[in-house]
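Those sequence lines, one after another, are chains A and B.
Quick note, my numbering runs 2 ahead of the 1-based positions in the first sequence.
Quick note, my numbering runs 503 ahead of the 1-based positions in the second sequence.
Hints listed in this document are in silico derivations from the structure and should not be mistaken for laboratory results.
Keep in mind that a hint or two might mislead.
Here are the simulated DMTMM-like cross-link-like pairs (lysine to aspartate or glutamate), alpha carbons at most 25 Å apart as the crow flies [unchecked claim]:
(1) K128(A) / E1106(B)
(2) K1244(B) / D78(A)
(3) K1244(B) / D183(A)
(4) K1190(B) / D66(A)
(5) K846(B) / E953(B)
(6) K846(B) / E714(B)
(7) K1190(B) / E157(A)
(8) K1244(B) / E38(A)
(9) K1255(B) / D78(A)
(10) K119(A) / E1182(B)
(11) K593(B) / D66(A)
(12) K119(A) / E719(B)
(13) K1190(B) / E158(A)
(14) K1244(B) / E158(A)
(15) K128(A) / D1048(B)
(16) K119(A) / D1048(B)
(17) K118(A) / E550(B)
(18) K186(A) / E719(B)
(19) K107(A) / E23(A)
(20) K958(B) / E935(B)
(21) K1255(B) / E158(A)
(22) K128(A) / E1204(B)
(23) K128(A) / E935(B)
(24) K1244(B) / D1229(B)
(25) K1255(B) / E55(A)
(26) K593(B) / D183(A)
(27) K1255(B) / D183(A)
(28) K1122(B) / E1106(B)
(29) K1052(B) / D78(A)
So the derived label-pair ranges between C-beta atoms look like this [unchecked claim]:
(30) A976(B) / T156(A): 51 to 59 Å
(31) S42(A) / A1129(B): 47 to 55 Å
(32) N657(B) / L40(A): 49 to 57 Å
Derived contacts from chain A toward chain B, CB cut-off under 8 Å, selection only [unchecked claim]:
(33) M75
(34) D78
(35) L168
The structure displayed is predicted, hence computed values, not measured ones.
Where is the CB? At the ideal position from N, CA and C, for every residue including glycine.
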Amino acid sequence: MKKYTCPYCSMGFASVEGLKEHVVTGHPSEPLPEPEGLVSFTVNGRKYSLSVEPQWTLYYVIHDVLGLTGAKMFCDRGACGSCTVIMDGRPILSCMTLAIECGGKNIETVEGIATKKHPLIDAYVKHHCMQCGYCTPGFVTTAKALLDRNPDPTEEEIRAALGGNLCRCGTYPQHPTAVLDAAKTLRKG
Amino acid sequence: MMTMAEKMKGDYEKIRSDGQYRIGPDIPTITYDAIGRRGITRMDGYEKASGQAVYTRDVQIAGMLHAKVMASPYARARIVSLDTSSLEAKPGVRAFIRFDDQEIKGKMLNGSYFGPEWVCPDIAGWALKPVRPVLGDEAWYEGQPLGLVVAADNEDVAVEALSQVKVEWEQFPFVLDQESALAAEAPVLRPDAKDNLLADPRSLIEKGDIEKGFKEADRVIEFDARRSAHFWAGAELPSVLVRWVGDKLEMWVYQQQPHHAKMLLSEALNLPMNRITLHTPYMGCSFGGRGNPANNSENGINILAAMLSKRTHRPVKLTYSRREAFFGESGDMMSSHFKIGFKDDGTITAVDIKNVFAVYMCTPGVEHLIENTSIPNIRCQTQTADVSKGPAWWCRCEQLPNSFCLTLLFDHVAAELGLDPTEVALKNDGYEGKGKSHLLEYKKKYGFPEVDSLKECIEAGKKAIGWDEKWHAPGARKLPNGRMHGLGFTWNHEWDDVRGTASAAVMIENDGTVSIIAEHPDIGVNPWTAYCQIVADELGLRVQDINIKPFTTDSGFALMSPDGSCNLVTNGIVVRKAARKAKTMLLELAASKFEGVVPQDLEVKGEHVFVRKDPANRKTIREVVAKAMPSFVSCAFWTEAPVVAWAWHTQGLWGAALETGRPRLCRQAHFVEVEVDTETGEILVTKVVNVNDVGKAISPETVEGQMYGGTYMGLGRALTEELIWDQKTGVLLNRNLLDYKYATLVDYGPIKTLVMESGMGHGPYGSCGIGEATSTEIPALLSPAVYNAIGVWIDDFPLTPDKILRALGKA
Chain A
3 MKKYTCPYCS MGFASVEGLK EHVVTGHPSE PLPEPEGLVS FTVNGRKYSL SVEPQWTLYY
63 VIHDVLGLTG AKMFCDRGAC GSCTVIMDGR PILSCMTLAI ECGGKNIETV EGIATKKHPL
123 IDAYVKHHCM QCGYCTPGFV TTAKALLDRN PDPTEEEIRA ALGGNLCRCG TYPQHPTAVL
183 DAAKTLRKG
Chain B
504 MMTMAEKMKG DYEKIRSDGQ YRIGPDIPTI TYDAIGRRGI TRMDGYEKAS GQAVYTRDVQ
564 IAGMLHAKVM ASPYARARIV SLDTSSLEAK PGVRAFIRFD DQEIKGKMLN GSYFGPEWVC
624 PDIAGWALKP VRPVLGDEAW YEGQPLGLVV AADNEDVAVE ALSQVKVEWE QFPFVLDQES
684 ALAAEAPVLR PDAKDNLLAD PRSLIEKGDI EKGFKEADRV IEFDARRSAH FWAGAELPSV
744 LVRWVGDKLE MWVYQQQPHH AKMLLSEALN LPMNRITLHT PYMGCSFGGR GNPANNSENG
804 INILAAMLSK RTHRPVKLTY SRREAFFGES GDMMSSHFKI GFKDDGTITA VDIKNVFAVY
864 MCTPGVEHLI ENTSIPNIRC QTQTADVSKG PAWWCRCEQL PNSFCLTLLF DHVAAELGLD
924 PTEVALKNDG YEGKGKSHLL EYKKKYGFPE VDSLKECIEA GKKAIGWDEK WHAPGARKLP
984 NGRMHGLGFT WNHEWDDVRG TASAAVMIEN DGTVSIIAEH PDIGVNPWTA YCQIVADELG
1044 LRVQDINIKP FTTDSGFALM SPDGSCNLVT NGIVVRKAAR KAKTMLLELA ASKFEGVVPQ
1104 DLEVKGEHVF VRKDPANRKT IREVVAKAMP SFVSCAFWTE APVVAWAWHT QGLWGAALET
1164 GRPRLCRQAH FVEVEVDTET GEILVTKVVN VNDVGKAISP ETVEGQMYGG TYMGLGRALT
1224 EELIWDQKTG VLLNRNLLDY KYATLVDYGP IKTLVMESGM GHGPYGSCGI GEATSTEIPA
1284 LLSPAVYNAI GVWIDDFPLT PDKILRALGK A
């Protein structure tokens, strides 16, 4: 019985030794194969290759493994937007996304947005868009994704974009003001 | 001249005497620079906006285990047998504790903290409910943590482990609502009790003579009202992280009252308080919801995590999921019967209320009528029933029944007479059965500003909502879009200081910057900026040179926890006292470094100490306080003698404030405009106007934030927030934020906030609290607004579309 399969050409072997000899002689210059569960993606401009378990969410990987704690667990199941990150330009719920499906993706978190000194951060502080602050990063990432695709949004468009983010402290009226302010700063360059 | 008694005073007596609140207005002795100014950068702003603010849920320590507690699937049941053999060899499981473990068996949550004793399990709040075991075998409500706790390498393993144990349950009859619970045939829920009536020390409140009051009345009305349960549902989920360092305990807690938590832990674990360090990271909401140290989700998880950590010699983090966290409502469930007598001009002569609460209540419903009105004859009878629901706890806030009763009562009277409700409010404004003239006398006697706060609030609010143009008879205005238009109004006093004790130190660092030293849990109300504003103005320094890092109980000093809207009132005074003392020390030190001056000749502004008569003669604060030793006398560098001063302040214990004869002088008024769709039953809130006389707004943006937040929470409670139990099984059906709906950015129309500053608060600079007032006032306001729209009273909260349609005869 041929229990061992060559990861490069799928040829079968009965023993590990046989497979080893085949790989060394048959595929001497090929790169090492990626182990099962290894996922590579970019977070805030840095490349990561991580072994992830199939049930791990992107939230878990970002928050617990990479230590980027700006993504928050609030509702626990895709209802609040606090774990929002930007993936290939779209705001997505990292708690509802499996990490194993994120190979090759470009991901931006609130930490990346702050490091780049995006004007949303200053605008959010200036306009008191936070009370307890737990949901704030989710609003910032959602608003950043909006401004990336629409640099001059109307207040109505901002309200619609942020309508899926929950804030129990009720800071809502301050957000459109801050996003409009940040958009203005961005346009000024 | 000091009296002999004063001369006899030692340090302790002096500190205690200096820290006592005394009646009187707080007239500022300084020029405001930071205080009251807009545009001051929030202390916590960048951390929170950039995702760098750390919450307990975010903290990890190398090697930490994850713990989960089992929950009851039944409303009332007992564990007959628990087979945990599957856990013995399960990979990744590191420890578990069963309810019959010798160390946990019989261990009780150690009670409520509010009372005359160290712990008083029987005096207040949900502690009336006998859900006390830290890890028991009997469930009094579905979802109750009990039976088993598991620590494992990760959360998935812990959850799986709990699902694999075999439990045999014995179920018992349950009862869900208060009226059924008090019926003769109801199953008795507590062991050894004869019925489900819970002892309530405030079951009867009487003022004046109601029979006389009804006789004096031109009219008498009666009606019923009802409130279902809502839940605070904070953003962060409950968790605790524990590690032992030798015989010392280090914990990261998500608790509103960490100092109390430390005292309770010390008792529960028989561990001296000085061996416990609590870290208090940022908190993802609380509103009082994380302010019940006696609950399973606080005291309970702390004890379990500490025990598991001890057994495994590993750090342990115990977490609740959203589903697990979904119990414990806000002390809401009540049914009321009102009987009110009043004269034709709107003067209320008698109020008789019967309230039946479920599980919990400490505010019977008429306290604001006593504290706030000239109504002379009042009676309130309350009953509190035990039901098969989770523990309730006061949450933004326990005054909900009082506000509920005041709003409905006043608006029903106005409607019955066809009067403008703002006029009825003004007619009955007062204090303890006496009218406005009594309030005015009080203001004069103590030197408070003589402002008619309610009148000013009402006038400002009416203008902002367009009251005079829009007010109409009930059901009289149909809009072009087919919906019915309605307006609502309510009022109350502001939440003032009724409790609070705090200590804090102010230290000038070697470089001239200032640190406020004290533990304080952040629940988002931006208090730290306010403290820094106060210290800056009192010292004469720049606000950006003041800082506070209140993330641990180890500093020894503890500011008043953010409870009861007393946060700023108490803590503002204590940091001010410490700042004034530190300033005196600074000027004494500085005088020794100037030629021929005494401290009184000096003043501080910005970064400098200068001679008043010769401002050019100045030194930086850094020059004054920096190391003055000429050489390396010591290798520890500090200020010459440290410029650090501490203070203590108490603003009065719960309930005692009223006994000192301090009427609340600041008022609030709220207005709402709605459209009711009579086809769908939908209520659209198109505009809200909040008017709060906060006395003095230290941080205006923060005041506005509290009013916005309170409005959204209040509207949710009035319209969409409702815990729904399955009547057949007693299971809570909507344990998630998709089915339990609170406000989003797009749900309601604009909110206009008006901040009045009469200077009549009992807090620093004449301020008073703002955190809870709006969220507590708004909910009942929707009923008069809907009545004004459709001409039918629906006093059954929340006001969901089905109730509207039923009231209109369409369902």
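Now for the hints, and whether the structure bears them out:
1. Restraint check: the Cα-Cα separation between K128(A) and E1106(B) comes to about 32 Å, which exceeds 25 Å; the hinted pair is violated.
2. For the suggested pair K1244(B) and D78(A), the alpha carbons sit about 15 Å apart, so the restraint of at most 25 Å is met.
3. A distance of roughly 30 Å separates the Cα atoms of K1244(B) and D183(A); the hinted pair therefore is violated under the 25 Å criterion.
4. Simply put, K1190(B) and D66(A) have alpha-carbon atoms about 42 Å apart, too far for the 25 Å limit, and the pair is violated.
5. Using a Cα cut-off of 25 Å, the hinted pair K846(B) and E953(B) is violated, with the two alpha carbons roughly 28 Å apart.
6. Distance hint between K846(B) and E714(B) is fulfilled; the C-alpha atoms sit about 15 Å from each other, no more than 25 Å.
7. Between K1190(B) and E157(A) the alpha-carbon distance is near 17 Å, which keeps this suggested pair within the 25 Å criterion.
8. The hinted pair formed by K1244(B) and E38(A) fails the criterion: a straight-line CA distance of about 41 Å is larger than 25 Å.
9. Of the supplied pair hints, the one linking K1255(B) and D78(A) is violated, its CA atoms being roughly 33 Å apart against a limit of 25 Å.
10. Among the hinted pairs, K119(A) with E1182(B) is inconsistent with the structure: their alpha-carbon atoms are about 50 Å apart, more than 25 Å.
11. As the CA atoms of K593(B) and D66(A) are separated by approximately 24 Å, the hinted pair is consistent with the 25 Å bound.
12. Note on K119(A) and E719(B): the hinted pairing is violated, with a Cα-Cα distance of about 69 Å set against a maximum of 25 Å.
13. For the hint pairing K1190(B) with E158(A), the CA-to-CA distance comes to about 17 Å; that is within 25 Å, so the pair holds.
14. With a C-alpha separation of about 22 Å, the suggested pairing of K1244(B) with E158(A) holds against the 25 Å cut-off.
15. Pair hint K128(A) plus D1048(B) holds up; C-alpha atoms about 18 Å apart against a cutoff of 25 Å.
16. Simply put, K119(A) and D1048(B) have alpha-carbon atoms about 23 Å apart, close enough for the 25 Å limit, and the pair holds.
17. With a C-alpha separation of about 15 Å, the suggested pairing of K118(A) with E550(B) holds against the 25 Å cut-off.
18. This hinted pair does not check out: K186(A) and E719(B) have alpha carbons roughly 64 Å apart, beyond 25 Å.
19. Between K107(A) and E23(A) the alpha-carbon distance is near 36 Å, which puts this suggested pair outside the 25 Å criterion.
20. Taken as a hint, the K958(B) and E935(B) pair is honoured in the structure, with Cα atoms around 19 Å apart against an allowance of 25 Å.
21. Our distance criterion of 25 Å between C-alpha atoms is met by K1255(B) and E158(A), whose separation comes to about 18 Å.
22. Taken as a hint, the K128(A) and E1204(B) pair is honoured in the structure, with Cα atoms around 10 Å apart against an allowance of 25 Å.
23. Using a Cα cut-off of 25 Å, the hinted pair K128(A) and E935(B) is violated, with the two alpha carbons roughly 43 Å apart.
24. Restraint check for K1244(B) and D1229(B): satisfied, since their Cα atoms lie roughly 18 Å apart, inside the 25 Å limit.
25. Between K1255(B) and E55(A) the CA atoms are separated by roughly 50 Å; this puts the pair beyond 25 Å, and the hint is violated.
26. Among the hinted pairs, K593(B) with D183(A) is inconsistent with the structure: their alpha-carbon atoms are about 55 Å apart, more than 25 Å.
27. Restraint check: the Cα-Cα separation between K1255(B) and D183(A) comes to about 20 Å, which is no more than 25 Å; the hinted pair holds.
28. Restraint check for K1122(B) and E1106(B): the C-alpha separation of about 11 Å stays at or below 25 Å, so the hint holds.
29. Pair hint K1052(B) plus D78(A) does not hold up; C-alpha atoms about 30 Å apart against a cutoff of 25 Å.
30. At about 38 Å, the CB distance of A976(B) to T156(A) disagrees with the hint of 51 to 59 Å.
31. In this structure the hint that S42(A) and A1129(B) lie 47 to 55 Å apart at CB holds, the actual value being about 53 Å.
32. For the pair N657(B) and L40(A), the supplied restraint of 49 to 57 Å is violated, since their beta-carbon distance comes to about 20 Å.
33. Using the Cβ-Cβ criterion of 8 Å, the hint placing M75(A) at the interface with chain B is satisfied: the shortest such distance is roughly 7 Å.
34. Using the Cβ-Cβ criterion of 8 Å, the hint placing D78(A) at the interface with chain B is satisfied: the shortest such distance is roughly 3 Å.
35. At its closest, the beta carbon of L168(A) sits 6 Å from a beta carbon of chain B; the interface hint therefore holds under the 8 Å criterion.
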